[in-house]
Structures are given as C-alpha cells and as structure tokens.
Amino acid sequence: MASLLSSNPTLASNPSYSFSQAPQNAAAGNREHAFYPYTDNGGSTLGITGNDFAILAGDTRSTSGYSINTRYSPKVFRIGGDDETGEGAHIILSVVGYAADGTALKERLNAIVKMYKYQHGKRMSVKACAQRLATILYGKRFFPYYVTAILGGLDEDGKGALYSYDPVGSYEREQCRAAGAAASLIMPFLDNQVNFKNQYSPGSGVGHDLEARQVTPLPFHEVEQLVRDAFTSATERHIEVGDGLQMLVITKDGIEEKYFPLKRD
Amino acid sequence: MTSIGTGYDLQNSVFSPDGRNFQVEYAVKAVENGGTCIGIRCKDGVVLAVEKIINSKLLKPGANKKIATVDRNVGIVSSGLIPDGRHFVSRARDEAASWRSTYKAPIPLAALAGRLGGYVQAYTLYSSVRPFGVTAIVGGWDSEGELGVDGQVGTGPTVGAGGKIAGTKAGGPALYMIEPSGSYWGYYGAATGKGRQTAKSELEKLDLSSGSLSLEAGVKEAARIIYVAHEDSKDKEFELEMSWISSMDGPTKGRHQEVPKDILEEAERLAKKAMEGDDEEETTAPEGETMEE
Amino acid sequence: MNHLPQAWGRPRDNVYGTYDASYLQPRLPQTHTQSPIVTGTSVLAVKFKDGIVIAADNLASYGSLARFTDVKRLRPFNSRSIVGIGGDVSDMQYLDRLLNSLDVTENYSSTGHSLNAKNLHTYLSKVMYKRRSDINPLWNQMLVAGLDGNDEPFLSSVDLLGTTFSSPTLATGFGAHLAQPLLRKLSDDESKVADFTREKAVEAVRECMKVLFYRDARSLDRYSIAVVTKESGVELKEDEHLEGQSWAFAETIRGYGRTQEV
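Same order as they appear, the protein sequences are chains S, U and W. Residue 1 is where the first sequence starts when you use the UniProt record's numbering, and the numbers rise one by one after that. Residue 1 is where the second sequence starts when you use the UniProt record's numbering, and the numbers rise one by one after that. Residue 1 is where the third sequence starts when you use the UniProt record's numbering, and the numbers rise one by one after that.
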C-alpha cells in the first residue's frame, strides 16, 4: 500500500480509503451486448397438492420464437433418484423458462440431494431441499438461472408439499402454483378451483355478509382432472403450450409418471 | 565400480572425478532387472512386445497392460520401475497433445523422441530428483498419407500455391529407445530389460537394416524372441503382450493397437514350437515347465 | 446523517474533498465473439428404423458472399456418431479439434467401450453451456447423430446457448423453417420411426436439401450426407450434388425487380 501511495502524489498527499472496498477501476460505460445469454423456450408448468399427494405437471413442447424445437422435452424431473431413470427419488422438480438453465439447475439440485444422502445416510427432507434450492438460485443472483421452479414432495407429516420460486430464489410453500408462458392463464383458474377464490356459500347474504366457501384439500382424481383441463385450455389460448402433458404424482407409494397428448397445432 | 563408497553416488547430478553420474547408472540397474521389452521396425510397421512376469496368481490375465498408446500412432513400452514408466507415458501424451495444439497435426516420432529424451535428461541435472528408472522403447508410424491439419474443413487448392506435389514421399516406421541418462537412439530393433542380451543377438540375426521384414513376420519374430529371452528365467511364468502399428493401408491403418488375439496366439504357438525344436537340438532333457499364461 | 446509502462509511467530501479517481485507468469491458463471421447454414437429420441420416451443404459464407464452397460440415466422431455443425466455421474447427483430442484421450484407456452419440451430445452440451455462461459462446448449432448406449438411433441438438432438444427429425437454421415441417409430415413421432425405412429417410433429406437450395440464399447445391447404422457404422459422402433441379417456377416469380415478361 505504501508503495502504491508513494507512486501517486494525489493520493499520498490526501487521505485515502481506510477500507478495502475502494473502487478498483473507474466505472466503465454501458456494455454493449450482441450476445444475449438467455432465451425463452416457452411452455408451462403447474403444481397442486392434496392431503397425501403432490402433482407437478408440464407440457412437453419446447419452442424458439414461433418454431417448435421438439414436441417432447420434459420439464418435470425426479430429484435424488438412483440413476438416469430417477428410480427411488422422493422429490420432484419442474422448471420452465430458459431450458438450458433449467437442465443445469436440475442437475445441480439432483447432485446435491444425492450427496446429502451419501453423506448423512438419510434422505433430504423436502423442506431442506426447498431451502437449498433457494440458496442455489440466489447464488446466481447476478447472473440468474432464468427459470421458474416448482418443487414438490411429501412433508414430515406425509402431506403434499409444494414450493414455488422466482428466478433468484424467493420462495414460499403453497397449495398450488402455475408457472411459465401460460401462468397468467392457469393461475386464476387455480385460484378459483383450488383455493375457491370468489366462491361463496349460496344464500349467505350480500356484500360483506357473503361467506367465502370453505377451502378443503381436493381428492386426487379431481386434482388430476383440474390439471388436464388447465393444460387443455392453455393449449387453446397460448401458442407456446401444447403437444403433450407430462405429470409426476408423488404419494407415499412413490412417484408415478403420466402422459397425455395435447393438441399439436 | 571403483568409485563406490567414495560418496559420489549419493547425490544426483554430481559427477564423480572420472566423469560418471552414479545415480544414472543405478537407474540402469533398475532397468536391467525389468521384464524384457523389444521393438522391431519392419518395412510396413512397427511391433512392440513385452514379457510380463506373473508375480502372483491372483493377477487377472490380460489385465495390467504394459504397452501404452500415445496420440493415435505411437506405442510405448518400458522396462524398469512401472510407475516411472507410467509417468513417462503421461509426459509423452502431454507432449503429443501440446504438439497438436501448436501445429494442428500429430507429432512426428523423431520430435517426440527428442522431447522425451530432453525430459528424461532433465532428471539427471538436479539433486532434488532422481533419474527415471526406466528404459523406454517408443515405436510408431509417421503417416505416409496426406493428413489434413486438425479441424481442416476443405481439401484446398489442387494446383498452384498451396497445391499438392505429386509423388512426394513422407512418413514411415520409427523406433527409438530412451535410457535413464536421457540419451536416445533410433533403432531397427531395440531390446531392454532382463533378457536384452539374448534378445539383441536374436534381433541382429534378422537383417532388419535391409528393410525386408514384413510386419506379419515381425510379429512372429517378436513373440519368438521374447520366448527365447525368457529362457534364462524360465522358472517364472510370464504373459506376452504385443502391439503393432502398420502403414495406412495395413491392418491397423497407421494406428497403434494391441495385436489381435488370434494373431497373438498364432505367434505364441509358433514361438513355443520353435523353442521345442531348439530344445531337441541343444538339450536332451525335456523341460517340464510349459510356457502358458 | 447522509441519507444516501452509497456514501455511508466513506470519507466525507466536505472534510476530505472528493475522491480523485483520475489514477484509475478506465478499463474497457472484455469482449468476446459478438457475432459469427464465416458461417455454415442448415443441418438436417432424420431418424429411421435402424439408423440416422444427416446432411449439410458444403458452403461457408462470408456474409452474403459464398466464400468457401468445399467445406465439410459433417464431422464424424467415431464409428458410431457424427456431428453436423452450422454457424461459425472457425468455432466449428475449434470444436472439431476438441472432439479429436477427446477421441485421442478416450482411446488411452483400453477398456473396450467408447463414447456413444448420447455421451458425445452430453459432452458438447456442457461445452456449449459453459461457454455461453462465460459470455464467450461458440456460435454454432449442432446436430449429434449416431447410436446410443443400446445401439438405438440417437438424434439430438445443441446450440450456442446450451439449449438441447431431441426429436425424430431435426433441422437447424433455415432448415428449421423450411425442412422441418416437410420432414415432420413423414415422421412426426417416435412411434413412426419404426416404419420409416432408410431409403425413404435418405430420399426425404435429399429432397429437403433441394428445397433449401431453392429458397435459402446462403445454401449450395453441393452437400455432404451421412448414414449411421449399427451394421455399417458411419457412411459419409462429402461430395454429393443436388439432382433433378427445376427452376421453371422462377419464371412465374414477380417482384424483386422483375416486373414484366421477358
């Protein structure tokens, strides 16, 4: 430091910074980018929980602009499974947005959940995994994973657990969440059908006397139908959604995968 | 060694008054007890062979390879300390890769031998290191065909500047042996390890300098020579490992590969047969020991 | 109390004077490839019953100039995979050398199994994603064609952003708009691959190359085509010529400066 000061008369004759965060170089001008490191691969995902299950679903279309890259590109993954097949997994993850980041995120979380098992000799809880995922996302706060993630599993009480995220790791546990291109189409439908928003007990009164309909967890078959209806409708109204619907259902018996065709137009 | 005990053998890089580096000479001792290795430079390829003494019946036959590939067209086999040999091979691979990254083409054998000689020699210069306890035989085939540079996308002009000269000759077989001192020579036939004297005298009988021995015949000779050289330590079982590099139009297409199982077995069969013939002529007492893996 | 958080903890200007940053060199940001220079256009590939067919023309353009007309854009990796590369040609050459050194080091372990097309695609996608994450992309889109670990046909794509996807038919660049719809008509689902023969697949790809030559101004009528099967490995032909062209339709085109009958 002394040599630095002695070589700089301006600084040597004036008090200098007493902390280490002195600017290292003058502020650069705005950086011009011809290369933009992100893209949007379209598609939508959706998660709903019940009393003893969680469903994560996503369409299987991948897009670039108006082009369809492929009609089968899964967005929902098993986390913490034994091998490529994901056998033995107890957590599910959906990612939608920029697919390459989605894949990278999925692989990182998968490796972490597996390492947890090898190092501690027990499965990572969904709650812990949810916090860890937030930490991973926030770790890239200044060059984010451009994805909306939803994490699903069963909590310590065996109840369906669902955590939804923003790209930089802000997260909360919810009953249901839609994400991706058609989130704005699906989410209001879910608010109404899962959380019974704007539903009132008939004849309970008018204005402030209206009694909201009691929210109760839905049975599995109803939830599955809701998911299918949501995607059928989203396919109709959004050009980036379609081709196929992939669903992972997690219960105490494990993870079941389902696939339903969607319109390919 | 008259100067032993005078202290000049205790440190590497130090000369004795009569101009010797004893540490290098001790390294040669390590080599002299290693399994016999030979290399034969044939007219259309190079063959490498090594006698692997089986130290334990628990070793898996065919595993624990001693001949290594460098780039695609070079093979290295060494006698002496096995880990030193591995490090030597690792360096050879790095040199080959570095040559490629600079010149976008495979390293010529002469250049590789030169670089390895220089590397080994450096280990005779410092008191903080010891010399390599290996003598390595480096065999390969410099492509005689026209190889494009790595990453080349087109064929380029056919005439004029950058055009091709018809009928030019390039490439061919190459065989070098590098010693712990770092000195290296090009050979028609090279041998090192325990049975090197026997092997060398057998190699000398082959008239290799005339360039008439074919690769196929070379493989058979190599197998026979290893068997002959093994005679002095026949109480120990051994396994024969062989590799070869042919010309571009030969069986390996200029690549270094293991000699295929059927050809190896045939060569071994002929080697054993030749040995039996020798036994009948030279000794009357039939030997109970058989030479199988 | 200064209410600007930026000023907290710093020497006060009114006591010490403003900070003199003049000694700090204004540093320009580090820049990498901002755009491709010499480029290759579309790559097409189709899966069929027991293999893959892949094609790309032999042109490297310099902007709108057809600069190099003998550029081989299908790069075989080993006996069971091949990579078709579009985009920047110098980046393609870098990738080719990278794959070459990968192949050399892979052969050092004599375990007997080599990288299959699926492994190769995974490797390339990691390379591409790493480079885009360093904001130093390799400006290419590639199709990896070959056989996977079970010797089944494999076809997948990766681009400069590290985006990957797989489909029974794939096309990059202009081909994604012109050829992909035609190819999807023939085989738009994994289930259709089983009844798609080699002859039909090759014919379809050749036909698409023709369509691309008609409509893609950065294309050429000389092209490379390769077929990968379990039986024969990679069969690569690098000097094919488009056959049966018909430019009769050009007579009917109006506009582009052509307004009256000749």
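Quick caveat, the hints were computed from the structure, so don't treat them as lab data. Heads up, some of the hints might be wrong.
To give an idea of the chain W side of the interface with chain S (calculated C-beta under 10 Å), a few residues [what the hints assert, rightly or not]:
# : residue
1 : Lys49
2 : Leu160
3 : Thr164
4 : Leu186
5 : Glu190
Below, in silico cross-link-like pairs of lysine to any residue (SDA-like), each with a Cα-Cα straight-line distance of 25 Å or less [to be verified]:
#  : chain 1 : residue 1 : chain 2 : residue 2
6  : W       : Lys126    : S       : Val206
7  : U       : Lys60     : W       : Glu106
8  : U       : Lys104    : W       : Ser90
9  : W       : Lys192    : S       : Glu257
10 : U       : Lys104    : W       : Phe68
11 : U       : Lys104    : W       : Tyr108
12 : W       : Lys192    : S       : Gly88
13 : U       : Lys60     : U       : Pro83
14 : W       : Lys237    : U       : Gly250
15 : W       : Lys118    : S       : Glu257
16 : U       : Lys65     : U       : Lys104
17 : W       : Lys126    : S       : Glu236
18 : U       : Lys65     : W       : Lys126
19 : U       : Lys104    : U       : Gln152
20 : U       : Lys60     : W       : Trp247
21 : U       : Lys65     : W       : Ser110
22 : W       : Lys237    : W       : Ser101
23 : S       : Lys114    : W       : Val127
24 : W       : Lys118    : S       : Phe196
Glycine residues also receive a C-beta, built at the ideal position from the N, C-alpha and C atoms.
Do the hints match the structure? See the list:
At a threshold of 10 Å, the smallest CB-CB gap from W:Lys49 to chain S is about 19 Å, leaving the interface hint violated. For W:Leu160, the suggested interface contact is upheld, since its CB lies about 8 Å from the closest CB of chain S, less than 10 Å. With its C-beta approaching chain S no nearer than about 7 Å, W:Thr164 sits inside the 10 Å limit, and its interface hint holds. The criterion of a C-beta within 10 Å of any C-beta in chain S is not met by W:Leu186, whose closest approach is roughly 15 Å, and the hint is violated.
A least Cβ separation of about 7 Å between W:Glu190 and chain S falls short of the 10 Å threshold, and the interface hint therefore holds. A distance of roughly 60 Å separates the Cα atoms of W:Lys126 and S:Val206; the hinted pair therefore is violated under the 25 Å criterion. Note on U:Lys60 and W:Glu106: the hinted pairing holds, with a Cα-Cα distance of about 23 Å set against a maximum of 25 Å. In summary, the hint linking U:Lys104 to W:Ser90 is supported, as the alpha carbons are separated by about 14 Å, within the 25 Å threshold.
About 23 Å separates the Cα atoms of W:Lys192 and S:Glu257, which keeps this hinted pair within 25 Å; it holds. Straight-line distance between C-alpha atoms of U:Lys104 and W:Phe68 comes to about 21 Å, which keeps the hinted pair within the 25 Å bound. For the given pair, U:Lys104 sits about 20 Å from W:Tyr108 by alpha-carbon distance, which is consistent with the 25 Å threshold. This hinted pair does not check out: W:Lys192 and S:Gly88 have alpha carbons roughly 32 Å apart, beyond 25 Å.
With a C-alpha separation of about 19 Å, the suggested pair U:Lys60 and U:Pro83 falls inside the 25 Å cut-off, and the hint holds. Proximity of W:Lys237 to U:Gly250 is assessed by CA-CA distance (about 23 Å); at most 25 Å being required, the pair is judged to hold. Proximity of W:Lys118 to S:Glu257 is assessed by CA-CA distance (about 23 Å); at most 25 Å being required, the pair is judged to hold. A hinted pair counts as satisfied when its Cα atoms are at most 25 Å apart, and U:Lys65 with U:Lys104 does not qualify at roughly 29 Å.
For the given pair, W:Lys126 sits about 35 Å from S:Glu236 by alpha-carbon distance, which is inconsistent with the 25 Å threshold. Of the pairs offered as hints, the one joining U:Lys65 and W:Lys126 is violated, with about 32 Å between alpha carbons and a cut-off of 25 Å exceeded. Of the supplied pair hints, the one linking U:Lys104 and U:Gln152 holds, its CA atoms being roughly 9 Å apart against a limit of 25 Å. For the hint linking U:Lys60 to W:Trp247, the alpha-carbon distance of about 68 Å lies beyond 25 Å, and the restraint is violated.
Of the pairs offered as hints, the one joining U:Lys65 and W:Ser110 holds, with about 9 Å between alpha carbons and a cut-off of 25 Å not exceeded. About 24 Å separates the Cα atoms of W:Lys237 and W:Ser101, which keeps this hinted pair within 25 Å; it holds. Between S:Lys114 and W:Val127 the alpha-carbon distance is near 24 Å, which keeps this suggested pair within the 25 Å criterion. Distance hint between W:Lys118 and S:Phe196 is unfulfilled; the C-alpha atoms sit about 47 Å from each other, more than 25 Å.
Checked against the numbered hints given earlier, this structure breaks hints 1, 4, 6, 12, 16, 17, 18, 20 and 24; the rest are met.
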